[in-house]
Amino acid sequence: MTQIKFFKRSLLKPSYTAVFLLSLATAFAQKEAKIFTEYRKDKSILPDFSYAGYQNGEKEIPNITNYKVFDVTAFGAIANDTLSDKIAIQNAITAANKNGSGIVFFPKGRFLVNENEDEPNKIISKGSNIIFRGSGSGIGGTELFMKNTLPPADPAKMWTVPPLFTFTSGGADKKIGNVTESAKIGSFDLKLNTTEGLKPGDWIILKLLDNSQELIKNELGSNELSPTWTNLINKGINVKVFYQIKKINKETITLAAPISYNIDSKYNWEVFKFANSQEVGIENIAFVGNWKDQFVHHRSWKDDSGFTMLNFSRLTNSWIKDCRFTDCSVAAIVLQSANVSVLNCKVTGNGGHEAITSNASTNVLIAKCIDEASQWHSFGSSHGSMNTVVYKCTYPATTCFESHANQPRNTLLDQVEGGLMKNRAGGAEENMPNHMQGLVFWNYKQTNEAVNNFEFWPKKEVYWKIPNPIIVGYKSTGTTFNPEQLGHSESLDGKVEPASLYEAQLKLRLKSVPEWLKNLK
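Using the working numbering, the first residue of the sequence shown is number 7, and each one after it goes up by one.
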């Protein structure tokens, strides 16, 4: 662990002008975080988060205007009446899917999506090039109102209520082969025993499931493995990441984004062709639930998942932007997807279970989102997600980021503002720890009370275990940390440069910060 202390006022003696100027120059020279200076020389020092988001962060989300428009009112939906619009909305989506692309459009007004007379099923889209577009998520815009919950698959399992809206793909993943040569983090090339059935532009899933003691030890380091963590002990290290193929040369595939986990060919690394949809967008809509009770964590399925609004599943290069989620148990989940951007969204109303989460996904960007409802778990990652960036998001002092166990890795909290507290990350005991390697705080602003000797691996806590987080630039009213539990720390009493790690890594890779990021509200 490295701890950097910046320019000390005790050096400023008025009679020593030369010393002052030298010290001032030194201060400015030290302004850039040491760990980022090292990253410039060696890209393995920090996770490379620069590929997170739509099109690897390289392109602006498009304003689609040339697709055929499927106005829900043409399918029987009527705003601001007392009749359900659920069937009309599903029919509009089905027509757009059949067309191969389309804008499913909502004019202004309130549309009813799960009334008493409705069938207890979800609204689903299975296709690429679908834009689900409203006329604004604020007052006077488009509101989709969910009066009733959907039934849970198993009432005893509180997380099993399906989302009302699901955007996904058809088909099934197909086993291709195995990795035959080792590859280090940062490499773009994978050598397989066969590339038959693959072509440039396809997406693959790279999988590892192995309970080797060596693998587990490498991830946990000196932290103790609990016998209650049966998922990790019995099934082992579980890596499942999604990449697009850039080119193929015989048995070697070149990826569009670098490998983010060291691959040792002595383990069984499998490659599957990924069944996915792409270029799906949700825009300018308010998703409003009917969650009005005082939330109690794990009291009931209704508390935990009764009003789950939106699920992005098996999608690539897709987005959710300028949306509002109100009075919901769960706002949105990005599940088994890659390169998804969630931008300028709000969670409001009565507090529930989760805000917006990257779940089992790769290179997801959650940016400029606000949790005003104080969900029990706010923005974050879970279940094997890799390279999640939470950028310039805020949540109240009464909650914390989500890190929902089952082996998420490489999560960046970049200029995030909100609480820091134990037991809000989430996850069942058998799926601990909450996060594996690669949790990075960068210029984090803690808004709840200061905590003396805050621990990430406390001995007596069951539901709060995070190995070796990196903390660079931290603002609070006096929180201190157990230094033995940190992988790296510097400037724990104020900001560092670069102000944003995500922006800086993008600039380093692309030679400039892309315009879409400069223009992000």
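Hint data in this document are derived by calculation from the structure and do not stem from the laboratory.
Any given hint might turn out to be false.
[Unchecked claim] Cut-off 30 Å, straight-line C-alpha distance, at most; resulting in silico cross-link-like pairs (BS3-like, lysine-lysine):
1. K298 x K65
2. K298 x K279
3. K40 x K517
4. K114 x K197
5. K40 x K451
6. K398 x K481
7. K65 x K398
8. K466 x K163
9. K49 x K114
10. K153 x K180
11. K308 x K279
12. K40 x K466
13. K501 x K398
Hints and how they fare:
1. K298 x K65: 40 Å, violated
2. K298 x K279: The given pair, whose Cα atoms are some 43 Å apart, is violated under the 30 Å limit.
3. K40 x K517: 20 Å, holds
4. K114 x K197: 52 Å, violated
5. K40 x K451: 20 Å, holds
6. K398 x K481: 14 Å, holds
7. K65 x K398: Satisfied, since the Cα-Cα distance of roughly 19 Å is no more than 30 Å.
8. K466 x K163: Within the cut-off at roughly 27 Å; holds.
9. K49 x K114: 48 Å, violated
10. K153 x K180: Violated, because 39 Å separates the two Cα atoms, which is more than 30 Å.
11. K308 x K279: 36 Å, violated
12. K40 x K466: Roughly 33 Å separates the two Cα atoms, so the pair is violated.
13. K501 x K398: 14 Å, holds
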